[in-house]
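Chemist: Kindly generate the complete structure, drawing on both the sequences and the hints.
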Amino acid sequence: MLLLGGMLCGGLLSCKKLLDLKPEDSVYEAVFWKTETDATSGLMGAYSLLRKSLTLGGQGMSNFVYGDFTTGVLKEGGDYALNFLVKGDEYYGTGISVDDFRGDYIEDFQNWTPYFKTITQANTVIEKVGKMPDNAFKSLAVKRKIIGEALFIRAYTYFYMVRIWGDVPLVLQYDQDPVSSKNVQRTNEAVVLDSCAADMNRARLLMGWNTGSDHAVRADKGAAFALLAHVNRWKYFVTKESDKTLLTKSIAAIDSITASGMYSLVPAANFDRLFKGRSQEGIFEINTSADQLEYQPNGGFYLYTLGQPYIPEKTKSTVFNSEVVGWFFNDPTDARYDYYFDRTKEEDLILTKYIGKNNQNRFFLDPGNNRGGLVNCNISIFRLAEMKLLRAECNELLGRSSDALTDLNDVKLRSNLTGYSGADLKTEIFEETFRELFCEGHSWYDMVRNKRLVEYLDRFPQSRFDEEGWKWPIARSLFVTNKDLAQNKYWVGRLR
Amino acid sequence: MKNKLVYILTFFGLCLIVTACKKKDYLIGGDLHDPRVNMTTYDFLKSKPLFDTLTRLIDKAGMKEEINGNTTFFAPTDYSVAELLIRRTRIIQRKYNNENLKYTLDSLPVPELRDSLRSHLFTGAINRENLSLENKVFKSKSNEDYSILLIETTAYTGTVTTKPQYLYLVRLRNGLDPKPLPDNYPDADKDIQELTQTSGIITTNGILHVLNNRHKFYW
Numbered sequence: 001m002l003l004l005g006g007m008l009c010g011g012l013l014s015c016k017k018l019l020d021l022k023p024e025d026s027v028y029e030a031v032f033w034k035t036e037t038d039a040t041s042g043l044m045g046a047y048s049l050l051r052k053s054l055t056l057g058g059q060g061m062s063n064f065v066y067g068d069f070t071t072g073v074l075k076e077g078g079d080y081a082l083n084f085l086v087k088g089d090e091y092y093g094t095g096i097s098v099d100d101f102r103g104d105y106i107e108d109f110q111n112w113t114p115y116f117k118t119i120t121q122a123n124t125v126i127e128k129v130g131k132m133p134d135n136a137f138k139s140l141a142v143k144r145k146i147i148g149e150a151l152f153i154r155a156y157t158y159f160y161m162v163r164i165w166g167d168v169p170l171v172l173q174y175d176q177d178p179v180s181s182k183n184v185q186r187t188n189e190a191v192v193l194d195s196c197a198a199d200m201n202r203a204r205l206l207m208g209w210n211t212g213s214d215h216a217v218r219a220d221k222g223a224a225f226a227l228l229a230h231v232n233r234w235k236y237f238v239t240k241e242s243d244k245t246l247l248t249k250s251i252a253a254i255d256s257i258t259a260s261g262m263y264s265l266v267p268a269a270n271f272d273r274l275f276k277g278r279s280q281e282g283i284f285e286i287n288t289s290a291d292q293l294e295y296q297p298n299g300g301f302y303l304y305t306l307g308q309p310y311i312p313e314k315t316k317s318t319v320f321n322s323e324v325v326g327w328f329f330n331d332p333t334d335a336r337y338d339y340y341f342d343r344t345k346e347e348d349l350i351l352t353k354y355i356g357k358n359n360q361n362r363f364f365l366d367p368g369n370n371r372g373g374l375v376n377c378n379i380s381i382f383r384l385a386e387m388k389l390l391r392a393e394c395n396e397l398l399g400r401s402s403d404a405l406t407d408l409n410d411v412k413l414r415s416n417l418t419g420y421s422g423a424d425l426k427t428e429i430f431e432e433t434f435r436e437l438f439c440e441g442h443s444w445y446d447m448v449r450n451k452r453l454v455e456y457l458d459r460f461p462q463s464r465f466d467e468e469g470w471k472w473p474i475a476r477s478l479f480v481t482n483k484d485l486a487q488n489k490y491w492v493g494r495l496r
Numbered sequence: 001m002k003n004k005l006v007y008i009l010t011f012f013g014l015c016l017i018v019t020a021c022k023k024k025d026y027l028i029g030g031d032l033h034d035p036r037v038n039m040t041t042y043d044f045l046k047s048k049p050l051f052d053t054l055t056r057l058i059d060k061a062g063m064k065e066e067i068n069g070n071t072t073f074f075a076p077t078d079y080s081v082a083e084l085l086i087r088r089t090r091i092i093q094r095k096y097n098n099e100n101l102k103y104t105l106d107s108l109p110v111p112e113l114r115d116s117l118r119s120h121l122f123t124g125a126i127n128r129e130n131l132s133l134e135n136k137v138f139k140s141k142s143n144e145d146y147s148i149l150l151i152e153t154t155a156y157t158g159t160v161t162t163k164p165q166y167l168y169l170v171r172l173r174n175g176l177d178p179k180p181l182p183d184n185y186p187d188a189d190k191d192i193q194e195l196t197q198t199s200g201i202i203t204t205n206g207i208l209h210v211l212n213n214r215h216k217f218y219w
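Residue numbers (UniProt numbering), protein chains in the order written: chain X, 1 to 496; chain E, 1 to 219.
Think of the hints as simulated: they come from the structure by calculation, not from any bench.
Just so it is clear, CB atoms sit at the ideal spot from N, CA and C, and this is done for glycine as well.
Just so you know, not all the hints are guaranteed correct.
Claimed, not checked - Covered by chain X, according to a simulated footprint, are these stretches of chain E (three or more residues, beta-carbon under 8 Å):
#1 32–44
#2 143–154
#3 181–187
Unchecked claim - Only pairs whose alpha carbons sit at most 25 Å apart, straight line, appear in this in silico DSS-like list of lysine-lysine:
#4 K216/E - K87/X
#5 K357/X - K216/E
#6 K75/X - K249/X
#7 K136/E - K314/X
As the list claims (entries may be wrong) - Beyond 12 Å from chain X on every Cβ pair, some chain E residues (computed):
#8 S47
#9 P49
#10 I86
#11 P111
#12 K190
#13 N212
#14 H215
Modeler: Okay, here's the thing in structure tokens:
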């Protein structure tokens, strides 16, 4: 009995000092957000979540699943779930082309949770860094830059979601008490886009132009202008093309990019360096550079679409639709005709755009044995050629053909083509955009906002476009936790 | 009483362990794989629905005897033939600007058909045991050069010491591709590599390999 009493006393007294110690290395609110390193780490967390949200799904390539698998350029998706996007409802033969976005195992791509994780992190950075004293940073510019970048990540993620789902819940505040947070209804897409534009108008004043190792891989003034241009163009589309001032805003943002003199088109002879990333043309990219040991070992679009002989011992499972590719790439003098594809088998083209025709961007995890081949390229989000084509598109919509032609021809001349002289400038700009940004995660959105889906995609009837069937359905699992959500109208009653 | 029960149960348990795995057949799962089919190449093709169009073409070309000689045949499947017809249909529709035109099996000229079938046909038995991971050049019955080789793959396997090897038929274009391939080697000169989906079927007269469904018939 005495012994037991002694043990109890010991238990009460002995650990006192130990318990009073602060946990080493742990991150919690009371000790974090004190130094510049903390702020940068928080921001890098947001970048990391952004990259994760663009590389979701079994094959780690959601950016290309949304942007390219849906566009009809593939004939064989090489994966049971992805084949719903590639072949529609061929599996069922029902003749109703609605089984693409709702196919089996597609639900991963209907779920916006990963994007809200990014937004939560960005909101936290904006709030916490904003409240940190200025003298915690080397200079005020550093603090402003971090907030600007967090604003960019938040706005880009919202813009990304709006293009996929339309209306989304809009959360712009840091949530102190996530446990008791309330359900939020979806906000109208135009309002979400306004918020993105407001964020970018604020962010572009907070950030400068990046040079050196941060160029293109961390958001800067150029990235803010590029996003601003896209946001305005998309808003013009979703507001039924009623407000032409949105187009002029879009053009003005791109003018700021070209006038800065920070960017230039990479010559066709150096396409490998353009697609590797951080070139003079890159405006914003997701960093997946092997030079910094950041790569996707078993997935990612670049590797997924390749096989022998580019990646030894790997059998390619995707097949491009040569006929559709041929609609866009029909001029052999075009530098991209040759560089983007290995045409050894005309019926089964290999996409060499990223790995390079001479394997310039290939590297091996085991170089001695040529094993573990990977593609060392960043994921391009915005680049100069893309901006020029967007400006051409906006100028054409405003009826300024000569301005549109200048930008269009800049891009064409880079690929050794001659200037355009035909009558259908609108279609030519669209097709040039499709060519230039082939398999860069853009094509689907280009088809949507230019209202070309019905014309270029067999399985997309006009009625579906009119009902906004280009929007993705919202995953059913999201309704379980948020009963205030409403499904996109085209998908009501259509989800299996 | 309780102890006894435990002993009895243990005894039964031991009996079960000792006797349970007796039937060794269960572990092997029937018989060993036998690559021999007791049929000629033509009869074997005829017996599989995947080749019914191909056998019609062989009949049309009058090449049954030739295929049933001492040969190795790389059989294209019906999918390859169907693709050929679709491709030709597209060409003639565009040429004559008439979308009602259809290219059918009957439209295929016989001499061309013979040549094409012979470009899949080799004299003698060519099977895995005569092949290696390096290119080995053979002359087809159409008098063109082909390389037949094995290539290791990592597909469907984890960490294994011996990798599976796929059998490939390679059509040479402007000679064998140099190794390693020089920079900017023209696509038109790159050899066409075709994977076999089934290899090493031993018929009564020779060897039969089956090309993958995406193979372009007529090369």
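Chemist: Evaluate each hint against the coordinates.
Modeler: Status of each hint after checking the structure:
1. Coverage of a stretch by a chain is defined here by at least three residues with a beta carbon nearer than 8 Å to that chain's beta carbons; for the segment 32–44 of chain E and chain X the count is 0, and the condition is violated.
2. With a cut-off of 8 Å between beta carbons, the segment 143–154 of chain E has 4 residues touching chain X; three or more are needed, and the interface restraint holds.
3. Only residues whose C-beta sits within less than 8 Å of a C-beta in chain X count toward coverage, and the segment 181–187 of chain E has 4 of them, enough to reach three; the restraint holds.
4. A distance of roughly 21 Å separates the Cα atoms of K216/E and K87/X; the hinted pair therefore holds under the 25 Å criterion.
5. Under the criterion of a C-alpha separation no larger than 25 Å, the hint pairing K357/X with K216/E is consistent with the structure, at around 23 Å.
6. Taking the CA atoms of K75/X and K249/X, the gap is near 39 Å; set against the 25 Å cutoff, the hint is violated.
7. Proximity of K136/E to K314/X is assessed by CA-CA distance (about 21 Å); at most 25 Å being required, the pair is judged to hold.
8. With a least beta-carbon separation of about 28 Å from chain X, S47/E lies farther than 12 Å from that chain, consistent with its non-interface assignment.
9. At the 12 Å boundary, the C-beta of P49/E stays outside the reach of chain X, the nearest C-beta of that chain being 20 Å off.
10. Remark: the non-interface label on I86/E conflicts with the geometry, its nearest Cβ contact in chain X lying 10 Å away (cut-off 12 Å).
11. Its beta-carbon lying about 24 Å from the closest one in chain X, P111/E satisfies the requirement of being farther than 12 Å from that chain.
12. Under the 12 Å C-beta cut-off, the non-interface status given to K190/E relative to chain X is violated; the minimum distance is some 4 Å.
13. Not every C-beta of chain X lies more than 12 Å from that of N212/E, the closest at about 10 Å, which undercuts listing it as non-interface.
14. Remark: the non-interface label on H215/E conflicts with the geometry, its nearest Cβ contact in chain X lying 9 Å away (cut-off 12 Å).
In this structure, the earlier hints numbered 1, 6, 10, 12, 13 and 14 are contradicted, and the remaining ones agree with it.
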